[in-house]
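Whole structure, please, built from the sequences with the hints as guidance.
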Amino acid sequence: AQTVTQSQPEMSVQEAETVTLSCTYDTSESDYYLFWYKQPPSRQMILVIRQEAYKQQNATENRFSVNFQKAAKSFSLKISDSQLGDAAMYFCAYSSGGGADGLTFGKGTHLIIQP
Amino acid sequence: SAVISQKPSRDICQRGTSLTIQCQVDSQVTMMFWYRQQPGQSLTLIATANQGSEATYESGFVIDKFPISRPNLTFSTLTVSNMSPEDSSIYLCSGIGVLMNTEAFFGQGTRLTVV
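One line per chain: the protein sequences are P and R, in this order.
1 is the number of the first residue of the first sequence in our numbering; add one for each residue after it.
1 is the number of the first residue of the second sequence in our numbering; add one for each residue after it.
Hints should not be assumed to be uniformly reliable.
Computed cross-link-like contacts, DSBU-like style, restricted to lysine-lysine with a CA-CA straight-line distance of at most 30 Å [said to hold, decoys possible]:
1. P:Lys107 with P:Lys78
2. P:Lys107 with P:Lys73
3. P:Lys107 with R:Lys7
4. R:Lys65 with P:Lys107
5. P:Lys107 with P:Lys55
6. R:Lys65 with R:Lys7
In case anyone wonders, no lab produced these hints; they're calculated from the structure.
Structure, rendered in structure tokens:
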């Protein structure tokens, strides 16, 4: 079974600074997808970024980028120029190829933005 | 991206009763899933809702406790049966669209409190 580990229960960063959230995973599959989801207090799960395992290039979405180390099974999220609206729970998630088995989530990291 | 409407958004129920949560997607989806998020915890997959057939349940979840229906491609229900305070959680519906290539989107969740 796949597992996703987020070792940082809480992170704090000053507004406009950069923060990195860590995630490791374990799988024996070769075809899979990795995601970072954001959950603000509204409970809505918002997709932040996605990485296909077969792609060597790290995914980027505006201020959000990942460092995907396939051999190390590591998938960290970097948030640049942190904004107050970035404050939320961040979940790392894994999906096998095709997504038919649903998502396996890590325990989450609570990100605090200091003004 | 597709939009999922989930209702009710919250409810307070007496122990021993049942609650049915509805999930409506504004476009066809290939897969639909139900997740549980216990207080302060991550999301755990309950089951995959299969159109026109019995849902596929994850370990630890059973049909008698969490009956699920999916009569068509855009609608699903989850019933939490014979509730106890331990069932107090957020329940989230999720879908993967036909063209979304494994990207999962979520409803706003139902916050259930059992007293």
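Verification of the supplied hints:
{"no.": "1", "hint": "P:Lys107 with P:Lys78", "in the structure": "18 Å, holds"}
{"no.": "2", "hint": "P:Lys107 with P:Lys73", "in the structure": "17 Å, holds"}
{"no.": "3", "hint": "P:Lys107 with R:Lys7", "in the structure": "25 Å, holds"}
{"no.": "4", "hint": "R:Lys65 with P:Lys107", "in the structure": "25 Å, holds"}
{"no.": "5", "hint": "P:Lys107 with P:Lys55", "in the structure": "25 Å, holds"}
{"no.": "6", "hint": "R:Lys65 with R:Lys7", "in the structure": "19 Å, holds"}
Hint violations for this structure: none, all hints satisfied.
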